[in-house]
Amino acid sequence: MTKPLRLHPDRLFPSDPTTRDIARRLHATVRDLPIISPHGHTDPRWFAYDAPFANPAELLIVPDHYAFRMLMSQGVTLDELGVPTVDGSATESDPRVIWRRFAARYYLFRGTPTRMWMDWVFAEAFGIDVQLSADTADHYYDIIDAALKTDAFRPRALFDRYNIEVIATTEGPLDPLDHHRAIRASGWSGKVITAYRPDPVMDPDDPRFMANVQRFCAMTDEDAGSFAGYLRAHEKRRADFRAAGATSTDHGHPSAFTANLSREEVEALYAKVTTSPVTAREAELFRGHMLTEMARMSIEDGMVMQLHPGVHRSHNAAVLARFGKDKGGDIPIAGEFVQALKPLLDAYGNDPRLTLILFTLDEDVYARELAPLAGHYPALKLGPPWWFHDSPEGMRRFRERTTETAGFYNSVGFNDDTRAFLSIPARHDVARRMDCAWLAQLVAEHRLEEDEAFEVARALSYDLVKAAYKL
Amino acid sequence: MTKPLRLHPDRLFPSDPTTRDIARRLHATVRDLPIISPHGHTDPRWFAYDAPFANPAELLIVPDHYAFRMLMSQGVTLDELGVPTVDGSATESDPRVIWRRFAARYYLFRGTPTRMWMDWVFAEAFGIDVQLSADTADHYYDIIDAALKTDAFRPRALFDRYNIEVIATTEGPLDPLDHHRAIRASGWSGKVITAYRPDPVMDPDDPRFMANVQRFCAMTDEDAGSFAGYLRAHEKRRADFRAAGATSTDHGHPSAFTANLSREEVEALYAKVTTSPVTAREAELFRGHMLTEMARMSIEDGMVMQLHPGVHRSHNAAVLARFGKDKGGDIPIAGEFVQALKPLLDAYGNDPRLTLILFTLDEDVYARELAPLAGHYPALKLGPPWWFHDSPEGMRRFRERTTETAGFYNSVGFNDDTRAFLSIPARHDVARRMDCAWLAQLVAEHRLEEDEAFEVARALSYDLVKAAYKL
Amino acid sequence: MTKPLRLHPDRLFPSDPTTRDIARRLHATVRDLPIISPHGHTDPRWFAYDAPFANPAELLIVPDHYAFRMLMSQGVTLDELGVPTVDGSATESDPRVIWRRFAARYYLFRGTPTRMWMDWVFAEAFGIDVQLSADTADHYYDIIDAALKTDAFRPRALFDRYNIEVIATTEGPLDPLDHHRAIRASGWSGKVITAYRPDPVMDPDDPRFMANVQRFCAMTDEDAGSFAGYLRAHEKRRADFRAAGATSTDHGHPSAFTANLSREEVEALYAKVTTSPVTAREAELFRGHMLTEMARMSIEDGMVMQLHPGVHRSHNAAVLARFGKDKGGDIPIAGEFVQALKPLLDAYGNDPRLTLILFTLDEDVYARELAPLAGHYPALKLGPPWWFHDSPEGMRRFRERTTETAGFYNSVGFNDDTRAFLSIPARHDVARRMDCAWLAQLVAEHRLEEDEAFEVARALSYDLVKAAYKL
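Chains as they are written, first to last, in full-length UniProt numbering: chain A, 1 to 471; chain B, 1 to 471; chain C, 1 to 471.
Derived from the structure by calculation, the hints contain no laboratory data. Keep in mind that this is a model prediction, so the values were computed, not measured. For each residue, glycine too, the CB sits at the ideal point set by N, CA and C. Fair warning: there could be bad hints in the mix.
What the hints assert, rightly or not - Partner residues are not named here, just some residues of chain C that face chain A (Cβ under 7 Å, in silico):
1. HIS8
2. MET70
3. ILE143
4. ALA147
5. ALA321
With these hints in hand, go ahead and build the complete structure from the sequences.
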């Protein structure tokens, strides 16, 4: 028996009729605003070459760590889901088989944002009107597979269909930015920009760090043997990235630790980390000092900084060995920002030219540390709820815990932060609905006037992100 | 003036009429499901010998640390409540006096789960229709005391009355399991099983550890002088426990720390901890390594592991000295699971034959650590909200913070975890109501279809616990 | 265009009609109870000399760190807001200019408690009926400025108008208490008392610590060269403060750390800290031991202790250098109470003569540590949500996370904790509304009977604070 699939127009709105009515009114004014996507991991090749997506499994399951981590937790192996291996040994290669495995266990996603995003994609993007289950797996597969063969489902068409005003991808410091150049050269009107993520040349714990620094300096004609040369290499690459549209940098450090070493100290440290094995403390010091250097460069060149700390990457040793990084085995750890950021803030925290956007997976710091910091320092802003908290409850907790101390105007709107293209409009839909739901509650409890809520709803959906990211 | 005591049929359901109606419909389908109680601390002698409970104070106050800790916090001494002392010195011996002290301060429990459980027991089990207060203390005492003298209030009758399908007690590794044998020998149909809690022979910080290990090996005819003998003693006792129905082990460690030492290292450590004073680090290493050994044995014999870390036991030195352990002075401490569990997970985390159920009193780790871990590793499941969080708000926070990342199906239903027999149905009642309230909210906000909610409600009340604990 | 300013009679009540009706009924019975303000930072000179407040900016912006920290975070400098400097160098001196800067950015406070308190002051105290904005800045300034020139807006008149039964200020151990003497000598009937905050003579990390101790002992004719003399100086000053009405002490330590050293150890430590530079550990040990001494003295003289730990004071180095302390740059840090308080609790935790009221800015400890501790130890009580958590969401989280384990009766009512005089009634208004909202939810969900809720509402608004602070 198949059940109907419906996207209820009131989804995510509170059930109380007064509050729901306010939420509806607010949402009607932001629902159709263009999407600004200032941080994410879509593939620039999609937009450069506009090739069709391969098949339903390749589009929706194989690259989605939210999807396969849940299946894995319930006993489906990554082999059975066709996740590619590090050594190239074979995994499941039949996309229909993969799809069926997913469909049969789709009930596992009840109550998760993945379920909400996927249903949006099924109903809204593909027009499917029955729920996904073992019984409807093939029906789904056939519809999606057929759609993907049409021009309407090529990346650029979807970009237009979903009213994306601008989207940022994320590239490493060694990336030649060819795809971004190809996008511009193509004459296509879509605005796709890059962002500068220099982790591979800033993290001495990366096994390829020394080689990366050599390559980094070689591609910029700088001397890898001197810290001054290394800094100039950053400046040159930042300029390259800005030429490819970048307005931001991004930093995925193990913690928010910063340092501000003397020139003498950092030169000695640079010499050490680029030539010999380092201790954990030396690696941390180098990363921490480089965040402060990045802040300085941001003040000079105007790029917005983003800091994403606090993840134990690739926690599952067996998964890392067979399938590599980013395979659903990243686990958050406790965070600390007050001590950690002080060196950088002592140097640049009061400079209005700096914007440093903070993210966390440790919600405990929202009210305790992040909102008090962002509600004081001119340079700090609060990034939206991130990753595991890009969800209805995560968004609710973010607003409940940050608004009273940091207000709305020290937050920066929404990031979809995804490599799953079709989930972009689905995620913005959730974010806009949850923000309207929160504002509606404030209005219904007479903590905010309704006319103000309309202004704030627009700010959270559109204005703040444009301003914060300089888009 | 006496006030009526009522158990409102809509208790714990949201007030919003739409959501309440959904909650009612869901609850009607799970209200009468049998109780599965896979983890608790009832006394097997109750079921073996079916003797009547002594009196109202002995049944409801003297053994209930929730009850006397609150009274103590407001100035009533444990002496005045008849709590037995370590040295046998006298405390209050008149159960009616104890009862009156409790009754006069029953208002202190407003807003607590103890109040909710007690009212359920008063109204539902004893049919009392006025509220407990100083004025009604004797009325209560007389009714309850009289009831306890009837056959209907003997343990086995209550077991049947409350539709308990299976209940697990918890025994230490030195327990002869005589009472469980007596239950089976009695021919009574009730299913009462044990669980293996080897803390006394796994924790070198226990003052009786060395003596316990000697006795443990003696009772299994194994050589306490070798680690191999000690491991075989575990294997034999696990088999004994399984013969007494056990499907699970339980581990009450100070932290979730695990280790996976080489055989050489652990043999040296075993020799040290069983023969001489140990450092805190050695004790932790031994406990941590033994968790990994327990995981290995679980894979071999199929017993489910439960880990209950993170309590500072017997914090109140004066209470410990006069009254001993488990007297309301246990206080939670901050937890950490990501680093702590890695050695065990590296060894067995991907093995589908292992089930390791995690509990915490530090709610901060729900969203940050436990849900991400359980939503990835096949071996991990989330235990229900524990102890201080076995409460309406505790249950709400658990679902709000874990569902989006781990889903419903990586949780394992409810544990009552109690030594207060009559609170068992009261606690399951609260859990079923709160789960239905949460599901009703998801349905009312169009985050879940109502037909799915019925399936999930049943899973949370009955199916998941049977499956996870192999009952 | 100006918009009307309204204080909605249902503000902060839940929107659900059933729950709202209960909240209204509860609130009607506590709305007009006198204000008990047992902890705060009003200036005793206001009450001693009853001089008019200077102007709108001096009354409402320049001294309010909630106000100027938000403006600063959005790029307004403290110079532009007329905040006085350490070296006396000039900042903005025109109060109307300051007021206009605030008014133009009043939208930044949407969703914050500052907005709610300010609107209360504007509407209720000054009778203004349009919203504050750039357009209405001068209108506001003129109305408020004129009002402040009238007798009705002098401190004593406001004290009477807002039905303040008793208010405590906070003074340091070197304060001569002259203003409090002047209040009493004036014959005015208002009850204004002091509280003893000995941090300046208990914290060896304070740069003026040694000089402070010398002066402290000199003013009490005690020998600063001996620990016994130093303790007697405390005893004498505590007696002085009690003579000025004090019923409490207050301790603003970096952490909740306590110690209970032997007499020999503490004498050696005292000799060290009062004569030579100290290590961080020595300073902590001394502060920690002195908390235990304060507890002992409290048992002797009956003064209630308050502990406010866990703030990184003056995090912003540039703001500290130019503007000094208490300028919005204080940031909370993670807290730990279980280990930290054990030495003090081992000594005095079970003594019913001691009341130690605990505060925190780290909400994670509410459910994990503070509620379990306060729900067990006779000496411990829970202070209300503090500082950044003196807010609707902060109050909701406090009740949600503490009530189930500590009940209502281990909490102590509300503290306004403010130096902004007119915010006192505004803050009590928020607290009473939020407590009634929480109680209404419990009643609507049948977790509490309505007749009990009336008793609890009164207790939370009035009875508990009087009892806990012995007022």
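Hint check results:
Against a cut-off of 7 Å between C-beta atoms, the interface hint on C:HIS8 holds, since the closest Cβ of chain A lies about 4 Å away. A hinted interface residue such as C:MET70 counts as satisfied when its beta carbon comes closer than 7 Å to some beta carbon of chain A; here the least separation is about 6 Å, so the hint holds. The interface hint given for C:ILE143 is violated, since its Cβ lies 21 Å from the closest Cβ of chain A, which is over the 7 Å cut-off. Nearest Cβ of chain A to the Cβ of C:ALA147: about 24 Å, over the 7 Å cut. The hint is violated.
At about 11 Å, the closest approach between the beta carbon of C:ALA321 and any beta carbon in chain A exceeds 7 Å, and the interface hint on this residue is violated.
The structure does not agree with the numbered hints 3, 4, 5 stated previously, though it agrees with the rest.
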